[in-house]
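Participant: Protein chains in written order, with the working numbering: chain W, 1 to 75; chain D, 76 to 150; chain V, 151 to 225; chain Y, 226 to 300; chain R, 301 to 375; chain G, 376 to 450.
Any given hint could be a false lead.
Derived, one-sided and incomplete: chain R residues facing chain W with beta-carbon distance under 7 angstroms [stated by the list, open to error]:
no. : residue
1   : Trp305
2   : Leu306
3   : Ser308
4   : Ile310
5   : Thr311
6   : Ala314
7   : Tyr318
8   : Ile360
Ranges of calculated distance between the beta carbons of each label pair, as one might list FRET restraints [what the hints assert, rightly or not]:
no. : chain 1 : residue 1 : chain 2 : residue 2 : range
9   : R       : Asp312    : V       : Asp166    : 32 to 38 angstroms
10  : Y       : Pro269    : D       : Pro119    : 32 to 38 angstroms
11  : G       : Thr388    : R       : Asp312    : 18 to 24 angstroms
12  : W       : Asp16     : V       : Ser158    : 53 to 59 angstroms
13  : R       : Asp312    : Y       : Asp228    : 51 to 57 angstroms
14  : D       : Glu123    : Y       : Asp261    : 48 to 54 angstroms
15  : W       : Lys40     : V       : Ile188    : 44 to 50 angstroms
16  : G       : Thr388    : W       : Gly7      : 48 to 54 angstroms
17  : Y       : Lys248    : G       : Ser410    : 46 to 52 angstroms
Hint data in this document are derived by calculation from the structure and do not stem from the laboratory.
Where is the CB? At the ideal position from N, CA and C, for every residue including glycine.
Protein chains: 6
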Amino acid sequence: MSDKWLGSLITDTAQDGYELAIKLSRMGVKYTQPSDDIRKKIRPIYEENADNLIASSQVIATHFQTVAAANNYWK
Amino acid sequence: MSDKWLGSLITDTAQDGYELAIKLSRMGVKYTQPSDDIRKKIRPIYEENADNLIASSQVIATHFQTVAAANNYWK
Amino acid sequence: MSDKWLGSLITDTAQDGYELAIKLSRMGVKYTQPSDDIRKKIRPIYEENADNLIASSQVIATHFQTVAAANNYWK
Amino acid sequence: MSDKWLGSLITDTAQDGYELAIKLSRMGVKYTQPSDDIRKKIRPIYEENADNLIASSQVIATHFQTVAAANNYWK
Amino acid sequence: MSDKWLGSLITDTAQDGYELAIKLSRMGVKYTQPSDDIRKKIRPIYEENADNLIASSQVIATHFQTVAAANNYWK
Amino acid sequence: MSDKWLGSLITDTAQDGYELAIKLSRMGVKYTQPSDDIRKKIRPIYEENADNLIASSQVIATHFQTVAAANNYWK
Numbered sequence: 001m002s003d004k005w006l007g008s009l010i011t012d013t014a015q016d017g018y019e020l021a022i023k024l025s026r027m028g029v030k031y032t033q034p035s036d037d038i039r040k041k042i043r044p045i046y047e048e049n050a051d052n053l054i055a056s057s058q059v060i061a062t063h064f065q066t067v068a069a070a071n072n073y074w075k
Numbered sequence: 076m077s078d079k080w081l082g083s084l085i086t087d088t089a090q091d092g093y094e095l096a097i098k099l100s101r102m103g104v105k106y107t108q109p110s111d112d113i114r115k116k117i118r119p120i121y122e123e124n125a126d127n128l129i130a131s132s133q134v135i136a137t138h139f140q141t142v143a144a145a146n147n148y149w150k
Numbered sequence: 151m152s153d154k155w156l157g158s159l160i161t162d163t164a165q166d167g168y169e170l171a172i173k174l175s176r177m178g179v180k181y182t183q184p185s186d187d188i189r190k191k192i193r194p195i196y197e198e199n200a201d202n203l204i205a206s207s208q209v210i211a212t213h214f215q216t217v218a219a220a221n222n223y224w225k
Numbered sequence: 226m227s228d229k230w231l232g233s234l235i236t237d238t239a240q241d242g243y244e245l246a247i248k249l250s251r252m253g254v255k256y257t258q259p260s261d262d263i264r265k266k267i268r269p270i271y272e273e274n275a276d277n278l279i280a281s282s283q284v285i286a287t288h289f290q291t292v293a294a295a296n297n298y299w300k
Numbered sequence: 301m302s303d304k305w306l307g308s309l310i311t312d313t314a315q316d317g318y319e320l321a322i323k324l325s326r327m328g329v330k331y332t333q334p335s336d337d338i339r340k341k342i343r344p345i346y347e348e349n350a351d352n353l354i355a356s357s358q359v360i361a362t363h364f365q366t367v368a369a370a371n372n373y374w375k
Numbered sequence: 376m377s378d379k380w381l382g383s384l385i386t387d388t389a390q391d392g393y394e395l396a397i398k399l400s401r402m403g404v405k406y407t408q409p410s411d412d413i414r415k416k417i418r419p420i421y422e423e424n425a426d427n428l429i430a431s432s433q434v435i436a437t438h439f440q441t442v443a444a445a446n447n448y449w450k
């Protein structure tokens with residue numbers, strides 16, 4: 001992927017950090033399946049599937065640990 | 076999501092921190108599936124499903140690590 | 151949940167810390183499915199299911215990391 | 226569980242620490258399913274199941290992080 | 301595996317670190333299944349499978365924690 | 376297991392550390408299923424199964440966190 005999509009892990013607020021964690025989670029899927037068409041085909045399936053929604057939330061939680069530590073927990 | 080839903084990771088007590096971890100877990104699902112209607116449809120399924128309940132508890136545990144570290148474990 | 155169920159993460163011994171980790175794991179399920187009746191119905195299923203037992207042990211392991219760090223590993 | 230089964234997280238060697246991580250993993254299953262009979266019935270199933278074996282190894286890995294940190298990585 | 305594929309965990313930017321995390325994730329699969337032919341056969345399956353895509357993103361998230369800590373979060 | 380298989384977590388290079396993480400992952404399976412015959416029977420199944428390959432990579436990632444921290448990220 002030649003695009004620049006990630007600058008810094010530092011964010012102004014905890015909520016911005018959470019939203020960065022979501023972006024980091026989605027990019028993991030995008031790098032693994034780069035085709036927009038295929039991801040678009042899969043999305044409606046996993047977005048209504050409890051297993052997938054909870055697993056997505058788990059990935060976000062893992063990235064949020066990283067982003068929160070990077071920001072010293074916005075203290 | 077334009078709403079402000081997350082202020083600080085600092086909480087008065089460990090239990091408040093645990094409840095913040097639950098909120099962080101639920102928001103991961105909400106960002107992935109923003110439709111209230113669809114989430115409402117899925118909820119009764121996963122709330123009676125042991126796999127989903129344990130997986131939800133796993134997400135909470137991951138966020139609780141973050142919140143507890145942010146609060147220096149309320150020591 | 152209005153009840154106070156979590157005081158401090160500090161425990162006298164490592165084993166007490168492990169048992170607190172179990173409590174933290176169970177509360178994740180309880181907050182997600184607050185009905186005692188439904189949890190009672192599900193329990194006999196997952197308690198005899200290897201996937202669920204191992205996944206429960208994983209949640210405990212994650213919370214034990216938090217509790218052990220809070221107690222500076224009881225050193 | 227009234228038995229005392231966990232003393233200290235400190236071990237002489239890294240391998241002893243790994244074996245303590247295994248014990249911590251198994252106790253998570255034992256606390257969730259205290260019946261020796263039922264665990265004995267389930268064991269032959271999950272011990273030949275790749276999913277379960279890998280998931281068990283994941284729980285061990287998580288506990289090994291805790292034990293290794295407690296021992297400052299036996300440095 | 302006799303090839304040298306991993307030099308340093310230090311990267312210039314956070315995005316480079318993320319891409320290193322992806323490489324670390326893929327190498328875990330490659331070491332477990334060294335046959336290029338078999339991996340090539342499996343790839344089209346898991347690349348269109350939501351469970352697998354999210355699980356891959358979870359592995360990346362875990363490695364990104366390591367790489368980000370190694371780089372002191374590129375601060 | 377009476378054999379000595381794990382000496383130190385310290386390795387010369389990051390790649391050596393990664394390969395130690397693989398060994399730690401495999402030993403988790405071996406301790407849970409000590410029979411060489413049964414593991415040999417299961418291996419061809421999970422080595423061609425995407426779920427299992429990704430889950431194995433997840434265990435490696437978790438152990439690599441531990442080994443990398445032990446080595447102060449080979450800095």
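Participant: Evaluate each hint against the coordinates.
Facilitator: Hints versus structure:
This hint is violated: Trp305/R has a C-beta 18 angstroms from the nearest C-beta of chain W, more than the 7 angstroms allowed. Annotation: interface hint on Leu306/R violated; nearest CB of chain W at approximately 18 angstroms, more than 7 angstroms. The interface hint given for Ser308/R is violated, since its Cβ lies 19 angstroms from the closest Cβ of chain W, which is over the 7 angstroms cut-off. Restraint check, Ile310/R versus chain W: the minimum CB separation of about 15 angstroms is more than 7 angstroms; hint violated.
Using the Cβ-Cβ criterion of 7 angstroms, the hint placing Thr311/R at the interface with chain W is not satisfied: the shortest such distance is roughly 11 angstroms. With a cut of 7 angstroms, the hint placing Ala314/R at the interface with chain W holds, because the nearest CB-to-CB distance is about 5 angstroms. Using the Cβ-Cβ criterion of 7 angstroms, the hint placing Tyr318/R at the interface with chain W is satisfied: the shortest such distance is roughly 6 angstroms. The interface hint given for Ile360/R holds, since its Cβ lies 4 angstroms from the closest Cβ of chain W, which is under the 7 angstroms cut-off.
At roughly 46 angstroms, the beta-carbon separation of Asp312/R and Asp166/V lies outside the given 32 to 38 angstroms, and the hint is violated. Between Pro269/Y and Pro119/D the beta carbons are some 35 angstroms apart, a value that agrees with the proposed interval 32 to 38 angstroms. At about 20 angstroms, the beta-carbon gap between Thr388/G and Asp312/R stays in the expected band of 18 to 24 angstroms. Roughly 31 angstroms separates the CB atoms of Asp16/W and Ser158/V, a value that falls outside the hinted 53 to 59 angstroms.
For Asp312/R and Asp228/Y, the Cβ-Cβ distance of about 54 angstroms falls inside the hinted range of 51 to 57 angstroms, so the restraint holds. At roughly 29 angstroms, the beta carbons of Glu123/D and Asp261/Y sit outside the given window of 48 to 54 angstroms. Range check, Lys40/W to Ile188/V: Cβ separation about 36 angstroms, and the 44 to 50 angstroms hint is violated. Judged by the Cβ atoms, the range 48 to 54 angstroms given for Thr388/G and Gly7/W is violated: they are separated by roughly 30 angstroms.
The hint said 46 to 52 angstroms for the Cβ distance between Lys248/Y and Ser410/G, and at roughly 20 angstroms that hint is violated.
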